[in-house]
Amino acid sequence: MTRPSQLTLALAGLIAVTAALGVLLGETLFDPGQLAQAFADPASGPAEVLWQVRAPRVATALMVGAALGLSGAVMQGLLRNPLADPGVLGVSASAALAAAAAIVLGAASLPGAVEVSALIGAGLAGGLLILFSARVRSPEALILFGVAVSSFAGAATALIFNLSPSPIATAEVMSWLLGSVQNRSWFDVAWVAPAVLAAGALAALAAPGLRMLSLGEETARTSGLPMARLRLLALLAAALATGAAVAVAGVIGFVGLAAPHLVRGAVRGDPGRILLPSALAGGLMLVAADLLARMTPTDQELKLGVFTALVGAPLFALIAWRAAREWRL
Amino acid sequence: MSALQLIGATALLAGRKGLDGVSLSVAPGELVAVVGPNGAGKSSAIRALAGLLPLTGGQAFLAGDDVAGLSARIRAERAAYLPQERRIAWNLPAVEVAALGAPFLAASDALERARAALDEVEAGHLADRGVAEMSGGERARILLARALASGARALLADEPTAGLDPEAQLMVLERLKARAATGQAVLVSLHDLALAARFADRVVALDAGRVVADDAPLAALTPEVMAQVFGLAARWVEGPDGPLLSSGRYSEGSPSGVRTASSSA
Numbered sequence: 001m002t003r004p005s006q007l008t009l010a011l012a013g014l015i016a017v018t019a020a021l022g023v024l025l026g027e028t029l030f031d032p033g034q035l036a037q038a039f040a041d042p043a044s045g046p047a048e049v050l051w052q053v054r055a056p057r058v059a060t061a062l063m064v065g066a067a068l069g070l071s072g073a074v075m076q077g078l079l080r081n082p083l084a085d086p087g088v089l090g091v092s093a094s095a096a097l098a099a100a101a102a103i104v105l106g107a108a109s110l111p112g113a114v115e116v117s118a119l120i121g122a123g124l125a126g127g128l129l130i131l132f133s134a135r136v137r138s139p140e141a142l143i144l145f146g147v148a149v150s151s152f153a154g155a156a157t158a159l160i161f162n163l164s165p166s167p168i169a170t171a172e173v174m175s176w177l178l179g180s181v182q183n184r185s186w187f188d189v190a191w192v193a194p195a196v197l198a199a200g201a202l203a204a205l206a207a208p209g210l211r212m213l214s215l216g217e218e219t220a221r222t223s224g225l226p227m228a229r230l231r232l233l234a235l236l237a238a239a240l241a242t243g244a245a246v247a248v249a250g251v252i253g254f255v256g257l258a259a260p261h262l263v264r265g266a267v268r269g270d271p272g273r274i275l276l277p278s279a280l281a282g283g284l285m286l287v288a289a290d291l292l293a294r295m296t297p298t299d300q301e302l303k304l305g306v307f308t309a310l311v312g313a314p315l316f317a318l319i320a321w322r323a324a325r326e327w328r329l
Numbered sequence: 001m002s003a004l005q006l007i008g009a010t011a012l013l014a015g016r017k018g019l020d021g022v023s024l025s026v027a028p029g030e031l032v033a034v035v036g037p038n039g040a041g042k043s044s045a046i047r048a049l050a051g052l053l054p055l056t057g058g059q060a061f062l063a064g065d066d067v068a069g070l071s072a073r074i075r076a077e078r079a080a081y082l083p084q085e086r087r088i089a090w091n092l093p094a095v096e097v098a099a100l101g102a103p104f105l106a107a108s109d110a111l112e113r114a115r116a117a118l119d120e121v122e123a124g125h126l127a128d129r130g131v132a133e134m135s136g137g138e139r140a141r142i143l144l145a146r147a148l149a150s151g152a153r154a155l156l157a158d159e160p161t162a163g164l165d166p167e168a169q170l171m172v173l174e175r176l177k178a179r180a181a182t183g184q185a186v187l188v189s190l191h192d193l194a195l196a197a198r199f200a201d202r203v204v205a206l207d208a209g210r211v212v213a214d215d216a217p218l219a220a221l222t223p224e225v226m227a228q229v230f231g232l233a234a235r236w237v238e239g240p241d242g243p244l245l246s247s248g249r250y251s252e253g254s255p256s257g258v259r260t261a262s263s264s265a
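These protein sequence lines are chains H and R, in that order. Residue 169 in the numbering used here sits at position 169 of the first sequence, with consecutive numbering throughout. Residue 261 in the numbering used here sits at position 261 of the second sequence, with consecutive numbering throughout.
With the rest of the complex left out, here is chain R (with noise of 0.2 Å):
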């Protein structure tokens, strides 16, 4: 049973179609990557499976149940929720923060289950620094462990990596990665196709709301729908630690000139 579908999503965003028909699945112990331009239902499919979106057509699984129909606190038991949103209200120190991904432990569990997924993250020596102190970067390693914190059955992380340095990249993709070596489902959504293609076992590249591709990365992500999807002139090339890609913008009109060329790991 998938610990995470859509099947045949349709979702209104701001009157037009933020998911048209999307139908995906994640299973326990893997790792799908959602990639796709802006506004083509990433960050929607995300939503929709978190039960933030509601749909106005097919439907949202978490753990083989709609989503529509189970309590707040099953739905968290089944599926946490890590949002682009990292703005944090009050200058709480990390720990606490940390600790409200279990806020049906006692006090002292749910604190022993956040410094632990401080360590994971490698955030153990900011535990007790306030929120506000912190830099972009350390903040986000502390959501992503209060997400982890949670002990839920799937993790719906949405741009995890979004303003991040190649490094803590790279160290966020490797816990969602181990995490999943656990038997977690882990949707992501990524902009990076490069650590799109590295880390995930499957890829989803989504355009205007609908499903162009669903294969493992290097099947999904062909040069024809990187030019469809991306307006890419994009091949990948074997690189030391996994795929690199080496693309470039079509010139306007000429889908065979590549105006700049670039390749990221």
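Extracted from the complex, chain H is given alone in its bound form (with noise of 0.2 Å):
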């Protein structure tokens, strides 16, 4: 068997032993014996705990986590940087701008509005980072202007807070902004998977095009591969892992940049290779932390955004630290 098919594999096993273990641990600890009810008895108190709260929970965390991670293998790959994230295009910050907006207008008492928003404002960002992409092919112009974008959202959202009259609707900002998987129903999953699964398919189109472009712009367009189409692929592809993830859970950092780092030792550096295990790594990441953020004991739950980012960006340090050596920047 092959290193990429072995780790696979073992990322499967993994996500499958910690989302158990998401589904089983929790604030409320059940005893074997209620733990068996809920397995029996759908209706019983623990089954609902399990099969209502945890589990969407859960899912939505693989979801979120495998879109982040996808996300970032792609845009890493498009843009030939180990330090590109879904963050660094725009993409998340526009999201995060259109769903607060979408708040302090009032629309959050709408079901699936704010997500709508967000998914709205990643889908613009990703059009004008198309646009610009299909003018300017320099990798590191399209970095600018994803800073530029992400610049420019981050300070709308802050004049959004600056603005708003209801302070309400300010904290209700400020939590999605932080980022979490708390209270997500088995709806959440439903449409947030399709999208992830869609986001996947696009970028596996994208895959020959992603690994042509490690040898720089003027090989890709010289190989034969219809570099445009390809690009636009990984583009659309990294825009609707963002927008879901975002749209669903908030703004979660940290995960998009370091899940492909995490393997990509394992698939020798193939961007076209990454994209599953980068993907399953992200999923793997974000339902281990949101378990520790559930059982670390805090008055309120730490928010997953905020976890992330704490644990996440030292070991990400260590992570860049050891890789330096591989990189050629």
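No lab work stands behind these hints, which were simulated from the structure alone. Each hint should be verified, as a subset may be incorrect.
[What the hints assert, rightly or not] What the simulated footprint calls covered on chain R by chain H, stretch by stretch (three residues with Cβ under 8 Å from a Cβ of chain H suffice, anywhere in the stretch; the number is not a length):
(1) 49-56
(2) 88-95
(3) 233-246
[What the hints assert, rightly or not] Derived list of chain H stretches under chain R, where covered just means 3 residues or more per stretch with a C-beta under 8 Å from a C-beta of chain R:
(4) 221-231
(5) 262-271
Quick caveat: nothing in here was measured; it's all calculated off a predicted structure. The beta-carbon is built from N, C-alpha and C at its ideal position, and this holds for glycine as well.
Since each chain comes alone in its own frame, lean on the hints to assemble the complex.
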């Protein structure tokens, strides 16, 4: 069996174990009898907690993490830059801006309105990036453009805080911006899962282009591959995955940056073969982070976005230190 | 029919004329070296033929068809391009990099062709090593193997010997010459005039985007041309393995006063 296949199987196994723990463990610890009841009687209290509260939360974390891991891998391949992530190109910030605007304008009471707004924000940012990349092919220029989009969206979100007349809406926006999968339902899973799968399919189609881009822009353009189309597919995949992740869970940083690094060695750097393992690694990271955040004894539950950044950033610094020798920046 | 041809090619580069009415051609089985000082238009000529530099005047042809009208895939089948840039973004194994030369083959066939190309550039032993762990010279061999693995009818190599040690420079040109001998057309830009004279069937000398000479090496690189294009006081002497260049710089304002002199093979 090849190394990437072994890795995929190992990650899938770890996800299964972590997800099972995520369903079985929580703030309320059940004894074996209650757990047996949860499996035997779907109408029981323990069953309600396991299957209607924890399981959709774990599934949402898995989907969001997978979306961010996939998006990070696509962007790093597209930009040939190990420091690229869904946040760099401004897609996360644009989705957050649109969602914040929807909350402040009172749309939060309409089911799905905030989520749809976030997707629209991500789509608009993705569209802008696609238009820009069609005219300017330099990855450095695309990163700078993304930084500009991100800064603008961040400033506009701050303006919303600044001008918001309602402290309740402001608190709601703040809570959402911190990132969480708390209280997510099967309804959330039902719409985010197809979006993530569609993004995965688009990314898989773009994989040969990502691989060819390893050799630089000019070599890719003379390789014979339809690079404009492949680049478009990759950008669409990244925008869709990021938009779906932000729409369902708010802004969760670090996962998109770190997940590709965790698996890059095992696929020997191949930006095409890294996509599935990176998505799985992202899913595993977020399911584990959500479990740890829930189990950490604090008065208020730690927000997932805060937790991933606090734990992940030092870990990422360590990975970056070890991987630095392999990077060709 | 020429495999590679520029007719009156004109192109702008950073607001000035990078190519100014350049015409040149390379027939199948021919190795043509394009020489000239920095900024003369060597890379621009090669990039125009690869379809990377849009022309503002004239035309670029691959096997008789205008590059601008060819699909990306047909273009790649007719000419493989080896750029000066040797940066590889990720630590891919050498054989995977070489296999990227043949992206339309099944993976196993592409790897087989990549291994053959690595052997051709004497880098078979590096096949499974990551390119980030290699020296610049080793990476240059791997990238040359990628271009050779393409199986394209023509090769466009932009300064493939830059930064290589003398043995590696000879190896690169021997390989390109061998490919020409099999019927491929090879256009290569070079800074080393002695290497151009030794390996090329023809030399095209460029200066300020214009063709100054296009002939057999010693007929093209006359002392007058070398003085005009490179500012060199130079002459050819016969060596045991080919022509040797005895050259020196003109001292300021005195075309007859040679300041330094050297020779190279």
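Against the structure, the hints come out as follows:
1. Given as covered by chain H, the stretch 49-56 of chain R passes the check, having 3 residues with a CB less than 8 Å from a CB of that chain where 3 are the minimum.
2. Look at the stretch 88-95 of chain R against chain H: 6 of its residues bring a Cβ nearer than 8 Å to a Cβ of that chain, three or more, so the hint holds.
3. For the stretch 233-246 of chain R, the stated coverage by chain H is not satisfied: 0 residues place a CB nearer than 8 Å to a CB of that chain, which falls below the threshold of 3.
4. Residue count for the stretch 221-231 of chain H with a Cβ under 8 Å from a Cβ of chain R: 7. That meets the three needed, and the coverage hint holds.
5. As drawn, the stretch 262-271 of chain H meets chain R at 5 residues by the rule of a beta-carbon pair under 8 Å; at three or more, the given contact holds.
In terms of the numbered hints stated before, the structure departs from hint 3 and from no other.
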